[in-house]
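Colleague: Go ahead and model the full structure; you've got the sequences and the hints to work with.
So you can see what is in the structure, the chains are spelled out below.
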Amino acid sequence: MNVISDPDANSATARLTHLARLEAESIHILREIVAETEKPVMLYSVGKDSAVMLHLARKAFYPATPPFPLLHVDTTWKFRAMYELRDRAARAAGMELLVHRNPDALRDGINPFDHGGLHTDLWKTEGLKQALDLHGFDAAFGGARRDEEKSRAKERIFSFRSAAHRWDPKQQRPELWSLYNARKAKGESIRVFPLSNWTELDVWQYILAEGIEIVPLYFAALRPTIIRDGLMLMVDDARFKFRPGEEVVERSIRFRTLGCYPLTGAVESRADTLPAIIQEMLLTTTSERQGRAIDHDQSASMEKKKQEGYF
Amino acid sequence: MPADSLAKAGATPSAPPAGNAYRPHDLIGTDIDLYLRQQQSKSLLRFITCGSVDDGKSTLIGRLLYDSKMIFEDQLAALEADSKRHGTQGQGIDFALLVDGLAAEREQGITIDVAYRFFSTDKRKLIVADTPGHEQYTRNMVTGASTADLAVILIDARKGVLTQTRRHSFLVHLLGIRHIVLAINKMDLVGFDEARFEAILADYRAFATEIGITHFTAIPVSGLGGDNIASQSARMDWYRGPSLIHHLETVPVDADALARQPFRMPVQWVNRPHSDFRGFAGQIAQGEVRPGDEMRLVPSGRTSRVRRIVTMDGDLPLAQAGQSVTLCLADEVDCARGEWLTSADAPAEAADQFEASLVWMAGESLVPGRAYWLKLGTRTIAARIAAPKYEIDVNTLTHAAARTLALNSIGVVEITTEAPIPFEAYAQNRALGGFVLIDRITNATLAAGMIHFALRRASNVHWQAIEISREAHAAQKGQSPRLLWFTGLSGSGKSTIANLVEKKLHALGRHSFLLDGDNIRHGLNKDLGFTEADRIENIRRIGEVARLMTDAGLIVLTAFISPFRAERDMIRERMPAGEFVEIFVDTPLEVAESRDVKGLYKKARAGALRNFTGIDSPYEPPLCPEIRIDTMAMTPETAAQIIVDYLAAGQSLFE
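First to last, the sequence lines map onto chains A and B. Mapping to my numbering: the first sequence position 248 is 248, numbers consecutive. Mapping to my numbering: the second sequence position 357 is 668, numbers consecutive.
The set of hints was computed from the structure by calculation and includes no laboratory data. Check each hint, because a few of them may be wrong.
Every beta carbon over 10 Å from chain A, so not counted as near; a handful from chain B, in silico [what the hints assert, rightly or not]:
{"no.": "1", "residue": "PRO553"}
{"no.": "2", "residue": "ARG601"}
{"no.": "3", "residue": "ALA655"}
{"no.": "4", "residue": "ASN706"}
{"no.": "5", "residue": "ASP827"}
{"no.": "6", "residue": "ALA863"}
{"no.": "7", "residue": "LEU911"}
In the DSS-like style, the derived pairs of lysine-lysine whose C-alpha atoms are separated by at most 30 Å in a straight line are [stated by the list, open to error]:
{"no.": "8", "chain 1": "B", "residue 1": "LYS837", "chain 2": "B", "residue 2": "LYS914"}
{"no.": "9", "chain 1": "B", "residue 1": "LYS434", "chain 2": "A", "residue 2": "LYS59"}
{"no.": "10", "chain 1": "A", "residue 1": "LYS154", "chain 2": "B", "residue 2": "LYS434"}
{"no.": "11", "chain 1": "A", "residue 1": "LYS154", "chain 2": "A", "residue 2": "LYS59"}
{"no.": "12", "chain 1": "A", "residue 1": "LYS39", "chain 2": "A", "residue 2": "LYS154"}
{"no.": "13", "chain 1": "A", "residue 1": "LYS186", "chain 2": "A", "residue 2": "LYS129"}
Label-pair distances were calculated between CB atoms; the ranges are [what the hints assert, rightly or not]:
{"no.": "14", "chain 1": "A", "residue 1": "GLY136", "chain 2": "B", "residue 2": "ARG589", "range": "28 to 34 Å"}
{"no.": "15", "chain 1": "B", "residue 1": "ARG551", "chain 2": "A", "residue 2": "GLU213", "range": "50 to 56 Å"}
{"no.": "16", "chain 1": "A", "residue 1": "ARG101", "chain 2": "B", "residue 2": "ARG589", "range": "39 to 45 Å"}
{"no.": "17", "chain 1": "B", "residue 1": "GLY828", "chain 2": "A", "residue 2": "GLU96", "range": "54 to 60 Å"}
{"no.": "18", "chain 1": "B", "residue 1": "LEU718", "chain 2": "A", "residue 2": "GLY136", "range": "31 to 37 Å"}
{"no.": "19", "chain 1": "B", "residue 1": "LEU718", "chain 2": "A", "residue 2": "LEU106", "range": "45 to 51 Å"}
{"no.": "20", "chain 1": "A", "residue 1": "THR65", "chain 2": "B", "residue 2": "GLN787", "range": "48 to 54 Å"}
{"no.": "21", "chain 1": "A", "residue 1": "GLU268", "chain 2": "B", "residue 2": "ARG583", "range": "48 to 54 Å"}
{"no.": "22", "chain 1": "B", "residue 1": "ARG619", "chain 2": "A", "residue 2": "GLY136", "range": "34 to 40 Å"}
{"no.": "23", "chain 1": "B", "residue 1": "ALA392", "chain 2": "A", "residue 2": "LEU134", "range": "37 to 43 Å"}
Here a beta-carbon is modelled for each residue, glycine too, at the ideal position from N, C-alpha and C.
Modeller: Take a look at the structure:
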């Protein structure tokens, strides 16, 4: 990565590039949490933001292994390619990988085909709370960015949750300079967002500059698809429940975000390199999260989810 | 393209002229690789916008996002729907809705917090802190300004320089922002009149000079119409200066200048993966560093040389302000989180008394004398604040005497830290002179502070080496020292029980001493009254005296109401683990009041006695005392025996 930007005409000083500044800030945040909390964990969802966050963690603590485990809150419905990269990335980092699957959801066979919103609630929201309580983590790193959604623009970098994991927008602490107050009462926990100030474009540029491995699904390839309710879905395994009349068609597609495969919409694309992806992103006219069914109901829906404990 | 999508979404007359929008670079379509190479050397600028809803601030930010193509079709469609429901622009697109975030706030039609927005031009990534202009939210503006390199102060061209303009300018200046843009907005509503612009400019210049702002850039704009936002407006050909975006793209970033100052890095974390590696991790706050550079650690004063600058991408020959690095030193020196690595030829100073500006950010007001946590750099330390020297009225900018600081008030104070800490003046370096105060009980962030200067240098103060240790004192008496801290309401029975305990200890041949109101209030503390601050100082002194007595090997008993948890906990923390025994003499207020041995409750109820605990001053019961005495359930004699038994059960007290 370029660290020093070209000096401009007004000044002879070397300047750090925007990516160098973002990287330094994220590393500072990661180290603060390790220094000031007892049992941190990194939520690892296998997406591109998680990949960047993991990469930053390895840099922050090098030559030591990052002093916390990775936690994947699994829904059992992720793309197969995600599981493959997850295990490989954890091994490469030398970090412990914890996988949590909500036992209640597992028992009741909760799935995205039959249970709609309940699927996300039980597997992800409940699953996350269970995993944090089970291991007694007092700080959890997440890859959320402020540019993703309107209500996130106001989210702090250190976001405090009550013992019941509730988020109270009125009780959040002011964050000044690069001073983060990580003190908390027993039972309270902090969600920490080291990528808060990154944009989608920054994430892609950093992946390109640092050569970070990401799930191949981000790159265009011929894949089996169907179209349902306006979303283009990929038929990733034999569990896919077809509706009458649905026909699998091979299309050149890629994904802009990754989640549970039956809920994640693909876009038709020929972009099979990082520069092509970035080019497509810069020329496109719809925002990133549109591919996720979760945000569609209302523009304030993310905020409701957050108050309930969704990451 | 934005104009097309707007048309598709059903544009209205308030839609911006198509030719005015900031367009993505042509290279994106033609040569993406070259474009990306150019993008790699972009710099970063953070700025804040100050103004009220009425000044069109949110509209301006929405406009910047729109013109730099940060708004997508789906967002635009959602925006159009929202505009019809909540908008203030009739059937037009309300850009303000793009940036007003949380649902509850949107219902009220006002932004109430700090929101961060991102946009990017071909030269720079820009992060804007959007903060409310409403009077009671000084706190939010100060938060947003703390990370900003530049401030855009909005003025409604119809209204000119208002009280809030002065307030915003003062806060921006207080927070050390050196680049100020005066955006004179709504020029469309004054007929793009140059004379109006010049008049406002003259007004502002007079005021700015008064408060010490020497330099600012004024730009006439229309957020609604996009004039002078992305490109120069044809409707104001009399204006020759830069457009707002052009200015944001080219103004120098302060952080870069810090690279030329002497080296400073607060140690954040000590990296010890194995016995052969010991690195000091931190973000360089000032200066640059190369292997071989001589370092002085502050405050310890130890010195060494930089051996390596370690990163995952290989060792670096040079690192500069802003980078997060790991430094290895040539010698095995002790250095913990909170210490600073500083250049040996221009080392940082350490001090334990400072003058500082303080912005109070919490509902609970400042309590002079109380211990708070102070976090500066990577160091968190106990600190006390004397009564403010004065408070500054942000509207009139006049100074007034003050006993405390309440939410959103700003004052100048003297601060004492428990031990010397390294620092720089805030004016020199924001990261090294800015601090926050944290409540020791609730952990809330209470205030933001900016160090002006040290009141005295701590470097010459050395502890006298003590030859006879506290262990030696205790061993001579054949006992383990203890501090039995009785707390409870007036008339709860603290003194009665404490006296009985001391008699029993005496009979057992133990060396003890009882501190109570009679022997303290008439001597050591006779200069103190009963205000909250005085009561805190009273307890602090008692705690210190008691602690010295335990150093002498004594079992000390104290019998004071000591109503505040923070002070009791502070004394506990000053004691070796296990030596502080908190005894809660628990008597309900009605019972204590009905006993009223000294007739004090009667006086307090009659209003003759102010700040009386339980009546017009709170009592905070201990959350987990070592011993709780329920005086309704036992006699003082039984209570005393329970306490003596507790002491006897504790290890070596009565061996």
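Colleague: For B:LYS434 and A:LYS59, compute the direct alpha-carbon distance and say whether it is at most 30 Å.
Modeller: At roughly 27 Å apart (the allowed maximum being 30 Å), A:LYS59 and B:LYS434 satisfy the hint.
Colleague: If you check the beta carbons of B:ARG551 and A:GLU213, does the distance land in 50 to 56 Å?
Modeller: This hint holds: roughly 51 Å between Cβ atoms.
Colleague: Report holds if the minimum CB distance from B:ALA655 to chain A is greater than 10 Å, and violated otherwise.
Modeller: The claim holds: B:ALA655 sits with its nearest Cβ about 23 Å from chain A, beyond 10 Å.
Colleague: Lying within 54 to 60 Å: is that true of the beta-carbon distance B:GLY828 to A:GLU96?
Modeller: At roughly 57 Å between Cβ atoms, A:GLU96 and B:GLY828 fall inside 54 to 60 Å, so the hint holds.
Colleague: Compare the distance between the alpha carbons of A:LYS186 and A:LYS129 with 30 Å, and conclude whether the hinted pair is satisfied.
Modeller: Holds, at roughly 16 Å.
Colleague: Confirm or reject the claim that B:LEU718 and A:GLY136 have a C-beta distance inside 31 to 37 Å.
Modeller: Because 35 Å falls inside the window, the suggested range holds.
Colleague: Determine whether the Cβ-Cβ distance between B:ARG619 and A:GLY136 falls within the hinted range of 34 to 40 Å.
Modeller: At 37 Å between Cβs, range holds.
Colleague: Does the Cβ distance between B:ALA392 and A:LEU134 fall inside 37 to 43 Å?
Modeller: The hint (37 to 43 Å, Cβ to Cβ) holds, given that B:ALA392 and A:LEU134 are roughly 42 Å apart.
Colleague: Could you check that no beta carbon of chain A comes within 10 Å of the beta carbon of B:ASN706?
Modeller: Holds, since 22 Å exceeds 10 Å.
Colleague: Determine whether the Cβ-Cβ distance between A:THR65 and B:GLN787 falls within the hinted range of 48 to 54 Å.
Modeller: 51 Å, holds
Colleague: Compare the distance between the alpha carbons of A:LYS154 and A:LYS59 with 30 Å, and conclude whether the hinted pair is satisfied.
Modeller: 28 Å, holds
Colleague: Can we confirm that no CB of chain A comes within 10 Å of the CB of B:ALA863?
Modeller: 34 Å, holds
The structure meets every hint from the earlier list without exception.
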